[in-house]
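Enquirer: Protein chains in written order, with this note's numbering: chain A, 17 to 121; chain B, 17 to 121.
For the record, the hints were derived by calculation from the structure and aren't laboratory data. It is possible that part of the hints are untrue.
Treat identical chains as interchangeable: a pair holds within one or across any two.
[To be verified] Lysine to any residue pairs mimicking SDA-like chemistry, simulated, CA-CA at most 20 Å apart: (1) K86 with T64; (2) K97 with S113; (3) K44 with P121; (4) K86 with D101.
2 protein chains.
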Amino acid sequence: MPLVLLAGAALTMSSAAQAGDAAAGRQKAAQVCAVCHGANGLAVAPETPNLAGEPEGYIARQLRAFRSGKRQHEVMAVIAKGLSDEEIDNLAAWFNSIKLTATVP
Amino acid sequence: MPLVLLAGAALTMSSAAQAGDAAAGRQKAAQVCAVCHGANGLAVAPETPNLAGEPEGYIARQLRAFRSGKRQHEVMAVIAKGLSDEEIDNLAAWFNSIKLTATVP
């Protein structure tokens, strides 16, 4: 059943790619993200998205898209090009670890 | 001072484009966003970003980027193509009106 085995392998790789170290991500975020996205992932710069509590896979995917140029943003392109795969996964784990509460007006 | 006048006109247009109606946006969001992004903008589908509390200009810009194809996502392209400028501004006003609290682990 080669197809089943392949699917299993792909799943494992995908999971491994998202097993980030939140503590390491927190340190990196303080250096490269906090100035715009805030120390706790609530943005401080205008028109900048909050990252707190966003799904790990979503953050990692967007950072890779900025790095490759698939998603375009002048500042994020520069920042993402300086990040390794491990650093991206760590940042994703860190921002995802922040718990959000939403209050509807 | 034509340059100053132009700048003033651009600023006015930009402000007007973001003066969304949050109540109308809330109704629209219940129809087209909530199934993935949650009734209160906290996502319920996996790997889907939370939208609660995101800046108005950010949400509006991303929706227009999905609509034009500048930002690519299979589902969001279809959804954004069905939105008018007014609906985009209303959705942006609604999600921005939700207040967020972040708790660091």
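Enquirer: Against each hint, give a clear statement of whether it holds in the structure.
Expert: Evaluated hints:
no. : hint          : in the structure
1   : K86 with T64  : both (19 Å within a copy, 18 Å between copies)
2   : K97 with S113 : neither (24 Å within a copy, 33 Å between copies)
3   : K44 with P121 : between (34 Å within a copy, 16 Å between copies)
4   : K86 with D101 : within (16 Å within a copy, 25 Å between copies)
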